[in-house]
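2 protein chains.
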Amino acid sequence: MTEYSTIPARKGAGTRLLSGQSVIVRNTHGEQVVDTWAFSTEDMTEFMSMEHSRARLLKLIPGVGDSLVTNRRRPILTITEDTSGGVHDTLMAACDRYRYEQLGHVGHHDSCTDNLHDALAALGLTPPDVPSPLNLFMNVPISNDGALSFAAPPAMPGGYVTLRAEMDCVVVFSSCPQDMLPVNGANCVPTDAHFRVVG
Amino acid sequence: MTEYSTIPARKGAGTRLLSGQSVIVRNTHGEQVVDTWAFSTEDMTEFMSMEHSRARLLKLIPGVGDSLVTNRRRPILTITEDTSGGVHDTLMAACDRYRYEQLGHVGHHDSCTDNLHDALAALGLTPPDVPSPLNLFMNVPISNDGALSFAAPPAMPGGYVTLRAEMDCVVVFSSCPQDMLPVNGANCVPTDAHFRVVG
Numbered sequence: 001m002t003e004y005s006t007i008p009a010r011k012g013a014g015t016r017l018l019s020g021q022s023v024i025v026r027n028t029h030g031e032q033v034v035d036t037w038a039f040s041t042e043d044m045t046e047f048m049s050m051e052h053s054r055a056r057l058l059k060l061i062p063g064v065g066d067s068l069v070t071n072r073r074r075p076i077l078t079i080t081e082d083t084s085g086g087v088h089d090t091l092m093a094a095c096d097r098y099r100y101e102q103l104g105h106v107g108h109h110d111s112c113t114d115n116l117h118d119a120l121a122a123l124g125l126t127p128p129d130v131p132s133p134l135n136l137f138m139n140v141p142i143s144n145d146g147a148l149s150f151a152a153p154p155a156m157p158g159g160y161v162t163l164r165a166e167m168d169c170v171v172v173f174s175s176c177p178q179d180m181l182p183v184n185g186a187n188c189v190p191t192d193a194h195f196r197v198v199g
Numbered sequence: 001m002t003e004y005s006t007i008p009a010r011k012g013a014g015t016r017l018l019s020g021q022s023v024i025v026r027n028t029h030g031e032q033v034v035d036t037w038a039f040s041t042e043d044m045t046e047f048m049s050m051e052h053s054r055a056r057l058l059k060l061i062p063g064v065g066d067s068l069v070t071n072r073r074r075p076i077l078t079i080t081e082d083t084s085g086g087v088h089d090t091l092m093a094a095c096d097r098y099r100y101e102q103l104g105h106v107g108h109h110d111s112c113t114d115n116l117h118d119a120l121a122a123l124g125l126t127p128p129d130v131p132s133p134l135n136l137f138m139n140v141p142i143s144n145d146g147a148l149s150f151a152a153p154p155a156m157p158g159g160y161v162t163l164r165a166e167m168d169c170v171v172v173f174s175s176c177p178q179d180m181l182p183v184n185g186a187n188c189v190p191t192d193a194h195f196r197v198v199g
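Residue numbers (the UniProt record's numbering), protein chains in the order written: chain P, 1 to 199; chain H, 1 to 199.
If you are wondering where the hints come from, they were derived from the structure by calculation, not from laboratory data.
All of these numbers come straight from a predicted model, not from anything done at the bench.
Please note that the accuracy of each hint is not assured.
Among chain H residues calculated to face chain P with C-beta under 10 Å, some are [claimed, not checked]:
1) K59
2) R73
3) M92
4) A93
5) F150
For each residue, glycine too, the CB sits at the ideal point set by N, CA and C.
Using the sequences and the hints given, assemble the complete structure.
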């Protein structure tokens, strides 16, 4: 059995999965959003797509038993376990330097978009694009009139999601560095998360 | 004043807009979904993004006065008028050949994704990607538990949306060819729509 790998606070990490393997993504300290991407190993222009997954699943938030699909509508990751409470987001773009500039930050700020590039570069890969991520543990309440907000995640420490690969793929995780909105808890302090490949 | 151009039933059409110009998109016969994309003229890798727009607007469906933004979070199109009833969609991917195959269609079927490519090719351009479109007039009801469905649009004949360009851009429209679900009305018969550049 492999050990857990760290997704350092504010940073990203990635790994290759063979079809049939799973990855456990653990919200070690609770309240930490983990932006998640998956790309086909065979052809990285095929990747997990939130807009195609919503059309297939006919739901805003995927749950246990649901397969996320690619931009060619093929299953790539299936949620097989979720002990986090099931609050996730498929609506929001990954944060990026433009986001932090607009929030008033001056100078460098880590971002999930940069983390995607860095994590893939560490594997010798380049993303063809920045797909809209599966934002594990992210809490985006939706009111009856369709208004959205950014709220602290209800996820408790140690909660996890297990994702099974439905094709050979590269998955990337980013411990979201958002510290200007309560995306990662009311204290706005991003923390480490962890993942482990099984199977 | 320019004449209306046709977005033929099941097909696409595009045009260039200068910053400050507007385009009126008319649901001529009612109940017709028009998938809409916008790319920066200067650099087509900057394009209108639904996931970035939702994060900015904090709503699922943009309305009059709302600016859609690009994947660099800059305004690209602003909705300045809407006589259609205001039912639109930002959640669903453009239809594509994989979609129709999965619905059971055999052989060629027009798709909004192919229409995007064709409309840009007619302007001598190639999309860097297939962004998630602004689905004008599309009706995707959302239940309280986050379940989604595809329903007939309530848009009446002649209803229109006016979009003002906030940067020089290329806009593409597709009269959605979906005829296997009631996306374009209960009769499942796609129709022509029209657009006109003003200013």
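Quiz prompt | Those earlier numbered hints the structure runs against, lowest number first | solution = none
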